[in-house]
Amino acid sequence: MNFSVVGSQFFPLLINGLALGFIYVLVSVGYTMVYGVLRLINFANSEIFMLGTFATAIVSTSVFKFNQNSQPSHGMKLFIVLLCCLLASMATSGVVAVFVELIAYRRLRTKGANRLGSLISAIGTSITLSEGVRILTHSIPVASPRVLSKFYVFKIHGVGLRIDQLLTIASGLLLFIAVDRFVTKTRMGKAIRAVSMSEENSKLMGINLNRVISLTFLIGGLVTGAAAFMYMTVYEQTVFNVGFNIGLAAFTAAVLGGIGNLRGAFYGGLALGLAEEYFSALLGSQWKEITVFVVLVLVLLVKPNGLFGEAVQQTRV
Amino acid sequence: MNLTTKRTLGVAAAVALAFGSVVATTAQAAPKSATIAFLSPLTGSEAGLGQDELLGAKTAIYEYNQTNPTVKVSLLTADDQADPSVSPGVALGLAQNASVIGVVGSCCSGATKADFPAFKAGRLTVVSPSATNATLTDPKSPTNGFPFFHRVAATDAFQGPALARYANKGVTAPKDYLIDDASTYGAGLKALTTPSLKSAGVTVVGSDTVIAPASDYSATASKVVASKANVVIYFGYYSDAGKLKKALDLAGYKGAYASGDGTDDDGYITSAGATDAEGTLITSQSVPFELAAPAAVLKDFTAATGLASPAGHAYVTQAYNATNVFLTCIKSGATSRAAIQNCVATGSFTDATGSKFNFTRYGDIAQGAPVGAYLVKGGKIIPVGNA
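Which chain is which? The protein sequence lines are Y and W, in order. Position one of the first sequence corresponds to residue 1 (our numbering), numbered consecutively onward. Position one of the second sequence corresponds to residue 318 (our numbering), numbered consecutively onward.
Don't read these hints as lab results, they were simulated from the structure. Check before you lean on any hint, since a few could be wrong.
The calculated PhoX-like cross-link candidates involving lysine-lysine, where the alpha carbons are at most 20 Å apart (straight line), are [what the hints assert, rightly or not]:
no.	chain 1	residue 1	chain 2	residue 2
1	Y	Lys155	W	Lys571
2	Y	Lys155	W	Lys515
3	W	Lys648	W	Lys389
4	W	Lys571	Y	Lys150
5	Y	Lys190	Y	Lys203
6	W	Lys492	W	Lys515
So the derived label-pair ranges between C-beta atoms look like this [said to hold, decoys possible]:
no.	chain 1	residue 1	chain 2	residue 2	range
7	Y	Asn67	W	Lys673	54 to 62 Å
8	W	Gly696	Y	Ser214	46 to 54 Å
9	Y	Val95	W	Ser458	29 to 37 Å
10	W	Pro459	Y	Ser214	39 to 47 Å
11	Y	Leu166	W	Ala683	30 to 38 Å
12	W	Gly696	Y	Ser149	53 to 61 Å
13	W	Pro459	Y	Ile103	44 to 52 Å
14	W	Thr489	Y	Val294	52 to 60 Å
15	Y	Val95	W	Ala655	39 to 47 Å
16	W	Pro459	Y	Leu248	47 to 55 Å
17	Y	Ile163	W	Tyr679	49 to 57 Å
18	Y	Ala170	W	Thr520	46 to 54 Å
19	Y	Ile103	W	Leu624	37 to 45 Å
20	W	Leu624	Y	Thr137	31 to 39 Å
Footprint (simulated), chain Y over chain W, 3 or more residues, beta carbon under 8 Å [stated by the list, open to error]:
no.	region
21	352 to 363
22	468 to 480
23	499 to 511
24	560 to 568
Note that the structure is predicted; figures quoted are calculated from it, not measured. Every residue gets a Cβ at the ideal spot worked out from N, C-alpha and C, and that includes glycine.
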């Protein structure tokens, strides 16, 4: 075990872990919201993320004509490029998420199909989207040119915070707070929570079930799309199966925090991002996945509903 | 239909079948065409390597067929995605395809090793342009490809010491950090490089293994910075080599960055970005085709591929040489798998430069092969001599 690396690189690892963690948080919000309402694991969420990363790459290269030799942008142009990439990613993921619900889940639900049917439909949708992009791209990774110059916002004693990390952490936090406030404070948010508690009672209260479910998928998709944009800003490369590892990690984060619990997804995502960084430094990168999943199993043995599954009922969606 | 008619028809059918067999046997004795398979990643994250090598194979086939030979040769392409979990199924398909009499491929050691059971069962001869893992031809290795596997590139037993030398050339008090991708090729090259580093007095300050493909290399980059290394050597393929280089630069690493022939592909520059890729040191057994081949062959290259120049495409020379091994055998009359195997194992061949070579009992080039030194400069991988 390499404790000296963890000691000397504690803060860089912390910042890297937080940036990665906030990407996990936003993707796991997509999983947890759908689970909260439908009790369904939306396996296609990883592909919704993947499509968002491609949307970001396409907008920067095809619309704004950036390539690998381009210089990063500055000033108003930078703002416009980043905003367009973010909106394109969110719109793509949001629209795809709503279509996935309409095509793959709604009919099964209205016909009273059992959960296994929906689960297979979710897996099938995930594979269809992933393989479709694989065929279109010949499985070749797509690099996104550096639009944002990665300068350090501040640096103290060799420890600094880069602009892309700051952007990811700050916007991740703001987006999460916005979703949390929406779910807990607004009329539509209350409708989502009502459906998550009881579908039958919600119907009796006059809530339009289909509309609420579509809205849930839309919000999950939009937030996942934002995560895809952040991922591309930090890592600058995507491929047809990029969503597999990220999706698995985000789903794990959601389970760790307590799936169906919005704040659980927040803490779970951050915990997972930090754990991956510190375990990689401490034991070697090849042990990262093993240690993370061992920790997950141990946590679930002690707290089967996840870390916050029972504690924060109010934020249950 | 009465019994007599049925019998008559039965006898007629038997005679027709026997005649057909005779005709078929005669046709097998003097075939007018033969098929060579080209097996490599044509899609996937390492597709650049396979697509480059395909250029060399196409050139050789084009030249051969232009001579109007008795036996015309066609090239059957097969995509293994350089993935050891995908490749055996593709290899099995080739082994079961009776028209295929030899295989050029695969580019990558992990997939190549995984294919051996299928090719051994099908008694199908393989000549790889670039699978360099030493164990593939090591008689002591239980998973070697003997007797069907051959290759026209130097093994990593040669590349390892060359990479150790080249990565640390001109570095004062070198402190190396070694990172591999856990693949057959990457882990194998690392194991063959480390002893040379130690015997040259280089201090190895750290080591890590990142299972590729990975997206987040920030923890590894932090470890490199903490180790105060001034040389990082990555053992793996170009796509992840690029991602690691990017992470190292972002973490503030300023030292040398070197890698082996898995990184010898323009896809590395795309992956790392032109700025971050600049200055990367690469060793490769690939010989630039534009330097190795005479002008007439380069003209054929353009005719066969539609490309103006082979510059920037790795392992074209080796793929050309590997394909020509089979073509030489076919020219000498070997058109069955058994005859091809006998010819490849015992024959003498000519490479793109005009030099003669033959294979050892276990499939390596008896005369040895060079390991070149390359440098990323101006957004291109350029040869700078021998490593």
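Hint check results:
no.: 1; hint: Y:Lys155 with W:Lys571; in the structure: 17 Å, holds
no.: 2; hint: Y:Lys155 with W:Lys515; in the structure: 36 Å, violated
no.: 3; hint: W:Lys648 with W:Lys389; in the structure: 10 Å, holds
no.: 4; hint: W:Lys571 with Y:Lys150; in the structure: 16 Å, holds
no.: 5; hint: Y:Lys190 with Y:Lys203; in the structure: 13 Å, holds
no.: 6; hint: W:Lys492 with W:Lys515; in the structure: 11 Å, holds
no.: 7; hint: Y:Asn67 with W:Lys673: 54 to 62 Å; in the structure: 45 Å, violated
no.: 8; hint: W:Gly696 with Y:Ser214: 46 to 54 Å; in the structure: 47 Å, holds
no.: 9; hint: Y:Val95 with W:Ser458: 29 to 37 Å; in the structure: 53 Å, violated
no.: 10; hint: W:Pro459 with Y:Ser214: 39 to 47 Å; in the structure: 58 Å, violated
no.: 11; hint: Y:Leu166 with W:Ala683: 30 to 38 Å; in the structure: 59 Å, violated
no.: 12; hint: W:Gly696 with Y:Ser149: 53 to 61 Å; in the structure: 19 Å, violated
no.: 13; hint: W:Pro459 with Y:Ile103: 44 to 52 Å; in the structure: 51 Å, holds
no.: 14; hint: W:Thr489 with Y:Val294: 52 to 60 Å; in the structure: 43 Å, violated
no.: 15; hint: Y:Val95 with W:Ala655: 39 to 47 Å; in the structure: 59 Å, violated
no.: 16; hint: W:Pro459 with Y:Leu248: 47 to 55 Å; in the structure: 34 Å, violated
no.: 17; hint: Y:Ile163 with W:Tyr679: 49 to 57 Å; in the structure: 55 Å, holds
no.: 18; hint: Y:Ala170 with W:Thr520: 46 to 54 Å; in the structure: 41 Å, violated
no.: 19; hint: Y:Ile103 with W:Leu624: 37 to 45 Å; in the structure: 43 Å, holds
no.: 20; hint: W:Leu624 with Y:Thr137: 31 to 39 Å; in the structure: 22 Å, violated
no.: 21; hint: 352 to 363; in the structure: holds (count 4)
no.: 22; hint: 468 to 480; in the structure: violated (count 0)
no.: 23; hint: 499 to 511; in the structure: violated (count 1)
no.: 24; hint: 560 to 568; in the structure: holds (count 4)
The earlier numbered hints that this structure contradicts are 2, 7, 9, 10, 11, 12, 14, 15, 16, 18, 20, 22 and 23.
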